[in-house]
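Visitor: Here are the chains, one letter per residue:
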Amino acid sequence: MSQASDFTDRVPDLVDGRSFHSLAPDEAADLLGDLWQAGEAGVEALVDALDAQEGSGDWKARFLLHALANQAGDAVAVGADQRAALTRQLTAMALEDHRPPGVRTFLLHRLQWLAGDDEAPALAPLVADPAPDVRDAAAAVLTAVGEAAIEPLRGQLEGAGPASRLAIEHALLQID
Amino acid sequence: MSGSRRCVVRGLPPEGKVDTPSVDRDDRDVSAKHPRRRFLKTAAAAAVGWNFQVVPRHVIGGPDHTPPSETFGAALIGVGGRGPGTFRALSERHGLEVRKLAECDVKWVGEADDKTRYTDYRRILEREDIDIVAIATPPHWHAVMSIDAMEAGKDVLCEKPMTRTIAEGRAVVEAEQRTGRVFQICTYGRFGQQGGRQMEQRKIMLAGMARDREIRFVRRGGFKVFQWSGPVDVEPREPPTNLDWDMYCGPSPLKPFIPSRFGGMHRGYWDYDGGGLGDMGQHYLDPITWVFGKDGTSPIEVEASAPPAHPEVAGPWGWVKLRYEDGFEIVLESDEWGEPTGLSTRGIGRDDLTDEEKQALDEMPDPEPLVDFGEAVRTRQRAGGHAEAAHRTVCLLHLANLAIRTGRKIRFDPELELALDDDQANRLVRQPMRAPWHV
Numbered sequence: 682m683s684q685a686s687d688f689t690d691r692v693p694d695l696v697d698g699r700s701f702h703s704l705a706p707d708e709a710a711d712l713l714g715d716l717w718q719a720g721e722a723g724v725e726a727l728v729d730a731l732d733a734q735e736g737s738g739d740w741k742a743r744f745l746l747h748a749l750a751n752q753a754g755d756a757v758a759v760g761a762d763q764r765a766a767l768t769r770q771l772t773a774m775a776l777e778d779h780r781p782p783g784v785r786t787f788l789l790h791r792l793q794w795l796a797g798d799d800e801a802p803a804l805a806p807l808v809a810d811p812a813p814d815v816r817d818a819a820a821a822v823l824t825a826v827g828e829a830a831i832e833p834l835r836g837q838l839e840g841a842g843p844a845s846r847l848a849i850e851h852a853l854l855q856i857d
Numbered sequence: 169m170s171g172s173r174r175c176v177v178r179g180l181p182p183e184g185k186v187d188t189p190s191v192d193r194d195d196r197d198v199s200a201k202h203p204r205r206r207f208l209k210t211a212a213a214a215a216v217g218w219n220f221q222v223v224p225r226h227v228i229g230g231p232d233h234t235p236p237s238e239t240f241g242a243a244l245i246g247v248g249g250r251g252p253g254t255f256r257a258l259s260e261r262h263g264l265e266v267r268k269l270a271e272c273d274v275k276w277v278g279e280a281d282d283k284t285r286y287t288d289y290r291r292i293l294e295r296e297d298i299d300i301v302a303i304a305t306p307p308h309w310h311a312v313m314s315i316d317a318m319e320a321g322k323d324v325l326c327e328k329p330m331t332r333t334i335a336e337g338r339a340v341v342e343a344e345q346r347t348g349r350v351f352q353i354c355t356y357g358r359f360g361q362q363g364g365r366q367m368e369q370r371k372i373m374l375a376g377m378a379r380d381r382e383i384r385f386v387r388r389g390g391f392k393v394f395q396w397s398g399p400v401d402v403e404p405r406e407p408p409t410n411l412d413w414d415m416y417c418g419p420s421p422l423k424p425f426i427p428s429r430f431g432g433m434h435r436g437y438w439d440y441d442g443g444g445l446g447d448m449g450q451h452y453l454d455p456i457t458w459v460f461g462k463d464g465t466s467p468i469e470v471e472a473s474a475p476p477a478h479p480e481v482a483g484p485w486g487w488v489k490l491r492y493e494d495g496f497e498i499v500l501e502s503d504e505w506g507e508p509t510g511l512s513t514r515g516i517g518r519d520d521l522t523d524e525e526k527q528a529l530d531e532m533p534d535p536e537p538l539v540d541f542g543e544a545v546r547t548r549q550r551a552g553g554h555a556e557a558a559h560r561t562v563c564l565l566h567l568a569n570l571a572i573r574t575g576r577k578i579r580f581d582p583e584l585e586l587a588l589d590d591d592q593a594n595r596l597v598r599q600p601m602r603a604p605w606h607v
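Listed in order, the protein sequences are those of chains A and B. Offset between the first sequence (1-based) and the working numbering: plus 681. Offset between the second sequence (1-based) and the working numbering: plus 168.
A few of these clues could be false.
[To be verified] Label-pair restraints from in silico Cβ distances: (1) E279(B) / G840(A): 49 to 59 Å; (2) I468(B) / D732(A): 34 to 44 Å; (3) I831(A) / M367(B): 46 to 56 Å.
Don't read these hints as lab results, they were simulated from the structure. It should be emphasised that the depicted structure is a prediction, and the values quoted were computed from it without experimental measurement. All C-beta atoms, glycine included, are put in the ideal place defined by N, C-alpha and C.
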């Protein structure tokens, strides 16, 4: 079973406690390779290590999840199946309402890079989430998805409150 | 404007319209073209409780109206940091007679009188006595404000970098063309490149004589990579009571407040800017895009040497190579990470040409002199640092950051302004804005 520290311990600390210097490309390649190898268990360990709010010491887990999501967009480095699996997992975790809004928002910001047509129907209800950050982040993901998000978004208009309606219509405006 | 936008000169010939070759004089009603925008305009206006129509003083004054004594009413949006200098440039650099009638800053909550001091820039744009706005906010606001200002009939002097994303820049270019206003970025390097060898270089490039001749420009250092890398893992706190943090974040995601996201170090956060490349790149590269004849196009390929990027803050990078379709290459080296490329600048001059090419060069007329912003405002010509030119320059920085952030080579279509076969990269080219803001 993976632990977040299996991976975060390999990320260099911030310089002077605040400055991000990343890690050497070859070390990063090895680390990300091991993360892909760990599969869902590795991702889950990192997500479970996220604090409710950024700035609480969980920056390494955030960085690695972002690096994974980023690399998933490289069709040469990562296969379609792996990308799809990561996207599905992050989507499922963003929908888990036992997770703090700050964590779900972070996951949605990764999905802004990754989510495709298949995720739009599942993510659309989040534009009505009670947490404004989650609503905004969900709207951004669906805007990024584009045309395939139009019908799921329209489907959320019925019964939507003013804040949700604004998020929905704004997303539709930007997709147009 | 954004959230409730209407084209100012609906149905009327726009006075003070700049003579630009690509203006579609009939294509003025944005909302007619975009039904959803019309819906949003109504819904959003109802939601936020305001609605207005702005009519420029030129229209009210009639076809023969000119400002008395050529004195222009002006406003500054964003008074921190660069702000005062940006506003002074109107008179000291551009020779305009201006009266500062208003200023706007999001840190004036409780101090704004909505007569001379504002916290909401839209109130300034509603004023008929404002002809010119100087925009000195962080870059994530530049596109929205520039477009809104031009649609409200104002000329715009905007701080660099012009935009935060490639798609924003194209929207600003379209707004300049649609409205006929004067737009200029606060960088002037190209204006000093109009003589001698630089002019010759430009003409050679524009004539296509440098194709595949390994012409290259290298800029080494001065990119403030670590200076403008935002602090990480900082505990959030309540924003100061005099700061409208929601308005500051504006079109960018509303993130918990930390002091470094506001005031100078905003440059180090992707939400607002592009790190040191965003700060300095437009200055360094504006003369280059002019000299090498690249005001109307972008590179087709960009790659970078950089470690994995952080999701929130601009981080280290070593070099970036940007290659145009004709083979011309721009190389940026940070001198702060990794190994140098070992490449150096290689231009092309008359001595490199064949006799036939020399003759063709001699027969080419020099381009028209670049028009200073002040002259452009007075005479209604297109400014030398107009939106398309500034956009093509700032695209270099955006493409560089695209390669740095994705960690892979990007192939780019300069006409569509999209990455080829890289959907994820395109999600950085065109990023959603937070409601109610859009371009």
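Visitor: Could you tell me which of the hints above the structure violates, numbers in ascending order?
Guide: Going through the list in order, the structure violates hint 1 alone and respects the others.
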